[in-house]
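Go ahead and model the full structure; you've got the sequences and the hints to work with.
In case you want the letters, here they are:
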Amino acid sequence: MNIFVCIKQVPATNKVQVDEKTGVLKRSGVAGKMNPYDLYALETALRLREKHGGTVTVGTMGPPQAQAIIREAYMMGADEGYVFSDRRLGGADVLATGYTLSQAIRSVGDFDLILCGKQTTDGDTAQVGPAIAEYLGIPHAAWVSRLEVRGDGVDAEQQLQDVVETVHMPFPCLVTVEQDIYMPRLPSLKKAREIGDKPVHVQGLESFLDQDESHYGLTGSATQVERIFPPQDDTEHEVWEDGNSAEKLKAVLKRWKFI
Amino acid sequence: MAKIAVLERKCTGCSLCVKNCPFSAIDMKDGRPELNAACKVCGICVKTCPEQAIVKLETRVESVDKSKWRDILVFAEVSAGRLHPVGLELIGKARELAEPLDFKVKAVLVGENLKPCAEELRHFGVSEIAVYDDPALSYFRADVYASCVEDYIRFARPSVVLVGATSLGRSLAPRLSTRFHTGLTADCTKLELRENSDLVQIRPAFGGNIMAQIVTENTRPQFATVRYKVMNPPVRSEKAEGNVLFRSLPKAVLESRTSCVSSTPLPPKKSISDAEILVVGGRGLQKEADLSMIRELAALLGGDWATTRPLVEKGWSTNDRQIGLSGRTVRPRLIITCGVSGAIQFTSCMNASDHIVAINTDRSAPIFSVAHIAIVDDLYRVVPELIRMLKEEQA
Ligand SMILES: Cc1cc2nc3c(=O)[nH]c(=O)nc-3n(C[C@H](O)[C@H](O)[C@H](O)COP(=O)(O)OP(=O)(O)OC[C@H]3O[C@@H](n4cnc5c(N)ncnc54)[C@H](O)[C@@H]3O)c2cc1C
Ligand SMILES: Nc1ncnc2c1ncn2[C@@H]1O[C@H](COP(=O)(O)O)[C@@H](O)[C@H]1O
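These protein sequence lines are chains X and W, in that order.
Residue 1 is where the first sequence starts when you use this note's numbering, and the numbers rise one by one after that.
Residue 1001 is where the second sequence starts when you use this note's numbering, and the numbers rise one by one after that.
FYI, nobody ran anything at the bench for these hints, they're computed from the structure.
Worth double-checking, as some hints may not be accurate.
Stated by the list, open to error - With a straight-line cut-off of 30 Å between C-alpha atoms, the simulated DSSO-like cross-links for lysine-lysine are: (1) K250/X to K1391/W; (2) K1029/W to K1068/W; (3) K1391/W to K1287/W; (4) K250/X to K1287/W; (5) K1314/W to K33/X; (6) K257/X to K1029/W; (7) K254/X to K1314/W; (8) K1270/W to K1104/W; (9) K1251/W to K1040/W; (10) K1047/W to K1003/W; (11) K33/X to K257/X; (12) K1115/W to K1056/W; (13) K1056/W to K1003/W; (14) K1056/W to K1019/W; (15) K1104/W to K1056/W; (16) K257/X to K1270/W; (17) K1056/W to K1040/W; (18) K1010/W to K254/X; (19) K1239/W to K1056/W; (20) K1287/W to K248/X; (21) K1003/W to K1029/W; (22) K1056/W to K1068/W; (23) K1066/W to K1056/W; (24) K51/X to K1047/W; (25) K1029/W to K1047/W; (26) K51/X to K254/X; (27) K1115/W to K1287/W; (28) K1251/W to K1019/W; (29) K1047/W to K1251/W; (30) K1003/W to K1251/W; (31) K250/X to K1251/W; (32) K1251/W to K1287/W; (33) K1029/W to K1010/W; (34) K51/X to K1391/W; (35) K1239/W to K1115/W; (36) K1391/W to K248/X.
To be verified - Computed list of chain W residues with no C-beta within reach of chain X, every gap over 12 Å: (37) S1024; (38) A1038; (39) C1045; (40) E1120.
Note that the structure is predicted; figures quoted are calculated from it, not measured.
Glycine included, every Cβ here is placed at the ideal spot set by N, Cα and C.
What follows is the structure, given as structure tokens:
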């Protein structure tokens, strides 16, 4: 079984800078780490490989420094890793990211299973996974907390509003995983020595089937960020500092008719 | 619009696609499939090719005629036979947005045995309710659900499509927006409609530390998801109005490679999102046993209790009781926070509550900027005292 895991480098802190003109994030200069939710996807892939054999390939769309998270994935046990990096891919929204990753995955090879994290801590949309599936024309299940190989595909358990549904999807298919699926392992120093300076594949648009650059990056995006602003505070409030607060609170709850 | 392409290196020339195409749009030529003008880009060949040799490629329309896309469509999620309340909240918001532009508000239902839900929706001021009711839709499969909504969107051409940001909604919406090659904005907290029908979508970014204002200027429809309890539900009117439109799709379109292994209804769990009164404990609590005080106060007020994330991480509480970006959004009539600092990841998911009371010893705690009543005091003094007085009163 060949598995592809989509991982993303996210800023290590929440204090980020935004380009005033384009509304696009300034990525350079900020320390990055692997999106924590993607660790669960990678762990799931590694467990499936341990049980059923095959390979685990990881890939990310991002700047060249995103190689750092591919190395981290190598240290956890991934077999191959790709960074899809190209100036023309920058500033992508969900639509363009989903399309780029679908093209990228196709350019690398044929995979039975594609795994994504449930969401990123920077984009925070939880939408890229299903968008990739749509572009690849394959079924998907999201928010999956149990995943097992059965026959020619997988059984995936997803929790919806008032039901827990287990669906069977034949390969190839895409799954986004919840964080309670497995506890991610730590990158191992032993692995780090083993892999030495195992290369990370870095590819650009030229490796994709669709070479039309207007389908990628900022120009391939349908949404535009018009403005970024701090959350405002416009509540009126009373401050009680002189004790006796229980008594006063009881009176207010009465006035509001809660008691 | 998209177009279908055949990958030469993978095609074995089996001609299954010719048989599967419901529109007779594929012919074999020199042992390879070729698409003719009848192709509706329905994607059935992409779905059914055993070699994954057929793919959808995107081609872009440069600009859209916005006047051809009118009205607002709400996807009304049905779960275990009931309308999810987020759908009603979205209808409420949609009606507000629609009025100045003279747009109508429509709803779409997908599932099985939907008559009662459709009938109920007629009391909420929508002009049309499109219903896709089929045994094949009895459980959720994102691809076929998307095909139903897609069909109605092509028919009704709404300018805006609103979907609840539930697990189901967030799995469905990206498949749909991708099919229309248009924008989708997740978890909007504020929506406005411009005169030119551009939807102004405001959402928190970076864990709520900043807000982003996003528009979809060049494509239609404009897709947005909104969480439960962010918008106000409309008042149910006695009068039933609005046209119920049953629509059906060819069997092949409702087929998916996904099949249901089991579907277990969860016992209707009381969710903190549904509580009218909430008492919340934060890290100001010194030990797990002290949570009993929070529970007791909640019970005395006839409400429910919740916590911040650190308490869930300590194992004192569970994720379904956590308020915040990685937990639930709540909007009760009364919320009393005890020993909560008020990090943005917490406050952004409770600041729409009607009455907010915060108890914290630290005068400069950020929770006080969202609180209506800021009590600078020790929770270990205030809470037990309040419990005592409430008990006295009830005795
Ligand atoms: C991506 C991301 C997502 C997150 N999601 C969530 C989320 O969903 N929900 C969430 O809650 N957090 C979330 N957090 C964490 C959040 O940033 C805060 O760390 C957390 O909300 C703080 O919880 P707290 O207020 O209980 O604890 P603290 O910040 O430690 O605050 C405790 C407060 O109690 C007060 N106190 C102490 N003793 C007393 C006393 N005796 N009487 C009265 N007051 C007292 C203190 O003055 C202090 O203000 C998230 C963080 C990130 C980065
Ligand atoms: N740039 C990217 N490169 C690789 N994978 C990504 C990228 N962006 C998103 N993903 C995947 O999609 C998931 C959901 O991301 P998001 O929709 O941004 O919340 C992530 O957990 C990743 O698995």
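List, from low to high, the hint numbers that the structure doesn't satisfy.
-> 2, 6, 7, 8, 11, 12, 15, 18, 19, 26, 27, 31, 32, 34, 39
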